[in-house]
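Residue numbers (the working numbering), protein chains in the order written: chain A, 54 to 520; chain B, 4 to 249; chain C, 105 to 523.
No wet-lab data here; the hints were simulated from the structure.
All residues carry an ideal CB built from backbone N, CA and C; glycine is no exception.
Computed footprint of chain A on chain C, listed as stretches where at least three residues anywhere in the stretch have a Cβ under 8 angstroms from a Cβ of chain A:
id, stretch
1, 117–125
2, 129–143
Straight-line C-alpha distance at most 27 angstroms; calculated DSSO-like pairs for lysine-lysine:
id, chain 1, residue 1, chain 2, residue 2
3, A, K452, C, K397
4, A, K477, C, K368
5, C, K397, A, K355
6, A, K166, C, K368
7, B, K145, C, K122
8, A, K91, C, K368
9, B, K145, B, K119
10, C, K368, A, K92
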Amino acid sequence: MKTIIKRELLDHLQSIQFIVLLVFSITLFSANGIIFAKKFRQVDSTFQQRTAGSQPHPDTQIIFLFRQSNPYLFLAEGGDLDRPSAYFLMAKGYFSASSAFLSRDYKLPDIPKLDWSFIIKTIFSLYVILLGYAAVSGEKEEGTLRLVLSNPVGRVRFLAGKYIAILCAALVPLLAGCLVSSVILAIVLPQILTFDTVSRILFLLLLSAAYLSLFAFLSLLVSSLIRRSSIALLVLLAVWVVFIVLIPDISGILAQKLAKVPSDYQTAKNLGPFVQKEVWDKINGIQARIDRGELRTEEAVKAEAEKAYESGQEKLRFYEKNYEDSVAQRARLARDLSRLSPIALFQYAADDIALSGIHGEEEFLKNISSYSKIYDAYVMKKTGKLISQSNWMFSSSVKVDGKSIDLHSPQPEAYRGDMSDFPKFVERPARLSEAVRYALGDIAGLLVWNILLAGLAFSMFLRSDVR
Amino acid sequence: MSKQNLILKADDLSKRYEDGVLALDHLNLEVRAGEVYCLLGANCAGKTTAINLFLNFIPPTTGTCYINGIDVTKDPLEAKKYVAFVSENVMLYGNFTARQNLDFFAKLGGKTALSKDAYYQVMRRVSLQEKAFEQRVKTFSKGMRQKLGISIAIIKDAPAILLDEPTSGLDPKAAEEFLEILQELKSEGKAIFMSTHDIFRAKEIGDRVGIMKEGRLVLERTREELQFEDLIKIYIDYMKSEPLTA
Amino acid sequence: MIGTIVKKEIAANLLSYKFFIIILLITLLLFTSFFVLYKDYKGRQADYELVRAKPGEPIAVLAPNPLSIFAKGLDEAMTRSFEISPIGIDVRTGQKSGNAVFAFFPAPDFVYVVKVVLSLVALLFGFDQVSRERENGVLRLMLSNSVSRATVLAGKWLGNFLSLAVPFVLVTLIGFALMNLDPGLRFGSSGTGRFLLLVAIALIYIGLFLSLGIFVSALTRRSASTLVILLLIWTLLVFVLPNLGTLVARQIIDVPSVKALSEKRTQIWTSEILLQIGEQRAVNFRGDGAIRKRHLDAINAQLNALEADYRIKFDRLVRLAKTINRLSPAAGFVYAATELAGTGIDEESRLKSEVIRHKDAVLLEMDRGVKEHPAFVYRYRTVGRVLAEGGLFDLAWLTISLILFFALGFVAFVRYDVR
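Modelling step: build the complete structure from the supplied sequences, incorporating the hints.
This is the structure we're talking about:
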């Protein structure tokens with residue numbers, strides 16, 4: 054079998070396609086290194102400026118929390134560069150990003166972000182297909198298959214040899230590219246070269262090997278089934294298109310169908326009546342009670358108004374939260390449906406390792422949630438009360454005994470005293486072991502694909518007609 | 004020998020490739036109507052180069068090829084009207100049937116008004132099985148494809164036929180049948196030029212036989228002359244002897 | 105003679121498995137694309153019915169463009185509702201696409217399928233023609249006849265172009281016809297005309313890649329090793345080059361990201377509101393109307409300045425990017441197609457200007473106390489204007505590129521070694 058591997062490898066390494074891919078890979082990875090190093094510098098300096106060493110800036114009304122710059126984005130950007138990095142937090146756990154209705158007024162055409170996961174999942178998977186589509190069918194066409202198998206070499210060893218050679222031939226440009234990118238990053242941002250980074254890189258490489266391996270098995274399978282190499286290539290390319298385009302898009306559509314999310318317009322239209330019911334009707338109710346004589350003093354009226362406003366605020370927060378949650382749920386559904394494609398499995402696992410993507414954001418939001426309890430305790434200590442807030446402020450007036458009283462939705466007190474003991478917000482990104490635990494499902498999925506395709510490839514080859 | 008029925012002529016033909024190899028060295032030969040000329044030689048002796056020059060696939064370094072008196076480099080399209088080509092081991096259009104292949108090449112060769120029966124007749128003439136007429140060529144054996152190849156040449160009805168190693172890879176029976184067809188074509192007055200390894204068949208069918216060695220025509224004999232000489236011995240002797248360019 | 109070759113090419117294609125698979129794939133992708141975007145359009149239409157301005161309301165909103173089914177472009181951005189109020193323009197979007205968080209590639213509209221898939225198909229097709237026929241000896245056989253190489257090449261090109269173009273146009277027209285069955289979907293004569301023009305441009309684009317494939321095929325001998333080079337060329341032309349301009353422009357012109365802008369807006373709002381509350385507290389919330397107005401005006405002024413500054417920078421960026429990008433046939437095709445459909449960058453920019461103009465007029469009226477405002481009407485540019493404002497350049501460039509590649513293929517084929 055070693056002979057076969059050596060021959061195959063030599064064949065691959067001497068081919069034009071190998072040189073082309075090597076050059077292409079190094080170019081792409083260099084671009085990746087430069088772009089992400091620059092981006093990180095930018096994002097990090099913004100973050101340092103905003104937090105001036107520690108966050109948040111002490112305030113008992115509203116605080117801004119900023120997400121740390123993520124040095125691992127070069128591995129798998131996961132959409133993070135388009136996500137909000139600033140959140141505001143108020144009492145009673147009310148937090149949100151800049152706006153639930155993030156208005157993207159200006160759009161340039163979307164450039165797929167050139168992170169490692171993109172290069173590997175598209176370029177390298179294609180390359181593995183190119184290496185493998187003629188593995189069996191090509192040898193049949195050239196007549197060399199019969200020649201090889203007329204020697205004492207079993208079919209299993211033959212196919213295994215081909216597989217190993219394909220994988221090695223693909224890993225060489227991959228490792229070269231990764232090395233180049235890492236070196237560039239290390240030069241520009243020496244601070245990110247830690248043990249943690251290196252271990253994440255290594256893990257991603259392992260993941261990539263598993264990913265590319267399944268494509269190798271797929272190519273061998275198709276090559277064994279289809280006699281003519283050119284048709285085999287076509288079939289493989291079609292499968293690739295299905296995995297990378299059709300399945301993700303269809304899962305997005307299905308998610309849209311299955312998880313009904315009210316449109317922005319709908320939500321906005323319903324807001325008016327909702328506010329009317331939850332706030333103004335109650336306030337009008339207060340006026341009615343005054344007129345009936347149930348409420349006499351200004352204090353009583355103000356107390357009732359505060360209660361009404363607070364409950365209104367709470368309801369509004371839930372209204373907003375429901376909307377955001379349903380959007381998030383739909384995104385999760387789309388993700389789960391797309392897991393049918395191995396490319397999605399690889400992407401999500403990579404995102405987890407790089408602490409980016411939807412999961413990364415969820416983790417950050419969990420951090421905020423737990424911090425908000427600490428914040429609430431502090432505000433309670435300093436001001437003695439916690440007041441529910443939302444994006445809205447209300448004010449109206451009622452008449453008590455002919456005198457007009459202004460009623461306003463309560464605002465948290467702006468404590469001006471000593472806040473040197475203000476609790477710091479510490480973001481705790483997941484360790485690699487934790488990240489791996491999250492990604493376990495996706496990793497397992499990749500392994501299952503490998504086993505399945507390997508089994509099919511070998512069984513098909515063993516019974517195929519080699520003439 | 005009258006000059007009127009001189010169909011193929013190579014006049015002082017030489018070809019040196021870009022890498023310096025001299026593939027043909029001042030080749031002179033003539034093929035007349037009703038004559039079969041067999042060109043023998045080892046691989047890379049220049050036989051295929053000669054054919055490629057006749058078909059204007061490559062330009063000669065010196066010399067000229069004439070088909071029916073037309074210089075092939077000066078007026079290739081006109082010259083090609085008068086020659087039919089049977090290639091060695093051509094795959095033809097695999098997804099087409101035998102008749103469809105024949106139809107296409109007939110039209111290309113200028114015969115646009117032929118009926119299905121005419122095609123069937125030609126294929127019968129070359130002893131192709133009836134049931135193969137409407138079968139896809141990719142299922143054909145080598146012998147069947149060669150027969151189809153010659154039928155393509157026959158249907159063109161050109162005065163000259165060039166064949167490049169036509170019997171290579173054919174079993175004896177098929178080769179024999181092939182030669183019978185060539186005999187018929189010869190008696191119809193076609194000028195036939197054939198490059199081959201096959202000494203036995205060359206001796207059988209060739210009116211004139213030439214031996215090429217390293218680009219040079221080292222020997223030429225007529226049928227009568229060969230009655231008294233052992234072609235096989237001569238050929239093998241030449242093959243064994245010192246290289247000419249030593 | 106050329107007719108014979110064209111017929112042979114078409115017949116050979118119809119009889120091959122490869123061709124059948126390709127056509128199947130294209131059909132599948134196109135119909136999926138039509139279905140997905142049709143549904144999307146209907147959804148957005150339903151949203152529009154919810155939000156369209158009642159007479160007198162100061163809302164500027166555009167109905168979704170039916171041609172966006174084929175060329176999505178920036179239609180989603182263009183059909184947002186812009187609610188004008190003294191506070192500023194409130195922008196709302198309809199159904200947020202579930203794909204926003206996930207898609208590897210943008211929505212697969214007709215333009216995208218043509219740009220990515222059909223270009224690859226045409227390229228592989230053209231490539232296959234010459235090298236395969238040489239490898240199995242038929243090319244030699246053909247050329248031993250009295251037929252010039254020019255004729256053979258032209259015949260091959262035409263035969264293969266028809267083999268691809270006819271099913272493609274058929275599927276597209278069927279999709280279009282099916283959509284027309286929906287009474288709620290009105291293309292109109294103008295829309296239909298633009299659609300046909302769009303298909304014509306797509307055909308030029310496909311022909312361009314076919315020519316390129318044939319050209320590369322006539323330059324090379326072994327088809328297996330050059331397949332990789334072909335895929336590289338395709339990747340460069342379809343993915344890298346169209347974005348090169350944007351990348352370069354981004355390096356040259358510094359524009360803050362959308363996210364940064366959004367965060368800045370929130371920052372302006374929050375700090376002003378907090379100041380406002382502080383002032384209002386000081387006066388115990390009496391007479392707070394004047395204070396509120398003052399701060400609102402301050403907010404407006406800051407936001408306007410921010411917007412204006414951003415817009416200038418952004419326009420410069422887009423213009424530069426577009427100039428460089430459109431040299432690539434893929435980008436040129438997308439620009440030509442989207443501008444024609446009314447979903448292109450230039451059209452969107454024009455819409456934005458109109459909205460701002462409308463906003464200024466409405467705000468003036470609001471100041472004067474007018475309660476009923478005229479409706480916002482937007483007229484798409486005519487085809488003539490689209491062509492004049494760059495469409496013709498893209499069209500001409502595509503055509504010239506096609507002719508160029510065909511000529512190169514011709515020259516290469518004439519000198520091609522067929523042995």
